[in-house]
Amino acid sequence: MFTLLKILWIIGITAEGMTGALAAGRQRMDLFGVAVIASVTAIGGGSIRDMLLGNYPLTWVKEPYYLLLIWVAALATVGMPFLLENFRVVFLVLDAIGLSAFAVIGTEVALRLGHGFIIAVVASVTTGVFGGVLRDMLCSRIPLVFQKELYASIAVLATCVYFVMMWLGASEPVTVVVAVLIAVNTRLLAIWRGWALPVFDYQERS
1 MFTLLKILWI IGITAEGMTG ALAAGRQRMD LFGVAVIASV TAIGGGSIRD
51 MLLGNYPLTW VKEPYYLLLI WVAALATVGM PFLLENFRVV FLVLDAIGLS
101 AFAVIGTEVA LRLGHGFIIA VVASVTTGVF GGVLRDMLCS RIPLVFQKEL
151 YASIAVLATC VYFVMMWLGA SEPVTVVVAV LIAVNTRLLA IWRGWALPVF
201 DYQERS
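Just so we're aligned, residue 1 is where the sequence shown starts under full-length UniProt numbering, counting upward by one.
DEER-style ranges, computed between Cβ atoms:
1. Glu204 - Gly169: 49 to 57 Å
2. Tyr202 - Ile10: 40 to 48 Å
3. Ile118 - Ser171: 23 to 31 Å
4. Glu172 - Arg205: 52 to 60 Å
5. His115 - Ala170: 18 to 26 Å
6. Gly169 - Trp192: 28 to 36 Å
7. Gln147 - Ala76: 25 to 33 Å
8. Val177 - Arg205: 50 to 58 Å
9. Ala76 - Trp195: 29 to 37 Å
10. Phe146 - Phe82: 25 to 33 Å
11. Thr3 - Arg205: 56 to 64 Å
12. Phe200 - Val164: 27 to 35 Å
13. Ile10 - Ser171: 16 to 24 Å
14. Asp201 - Pro57: 40 to 48 Å
Derived from the structure by calculation, the hints contain no laboratory data.
Computed from a predicted model, the values in this text were never measured in an experiment.
Every residue gets a Cβ at the ideal spot worked out from N, C-alpha and C, and that includes glycine.
Turn these sequences into a full structure, and let the hints guide you.
Next comes the structure, spelled out in structure tokens:
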């Protein structure tokens, strides 16, 4: 299972690192800016989670070669201009993969530290969402989590599926794979079908 989690982590940071590079490219940043945005996107959520839960050392501090992987993914993205030509589709698919992978990782970390369902949800949302929030804020974009399609709720869904699979007695690898697949597909369906949470629209009378 440790190997599967590591694979999931590599998938997550690679996907989100690429979304960071794409977002930086849309803002015409230099290569240093691309590397910074990619890094913040890929490890920002997990770092915030670990600081909140007191889980030290941070993964990328303990194993800094993950930073090299993020930078390689970012530079590879720079070298593939066709990705920018299909920016929205590529960006949203990669982001869905990263969100789902990080949500499951957040759940796993919380459980490993002895926490229950509520903290697992918090860890899932923090890991899955906040790297993207930092990316979008640094790139002067409205964060995806605040836009119309389901986003943070996908991380909650991933945690719920994880717990249901555990309750059904599924093995840990099966639980992880099913949770990620359901989360990714639900996120993509939400984009395609326009599924969204109810919006609170309050306009003060003049």
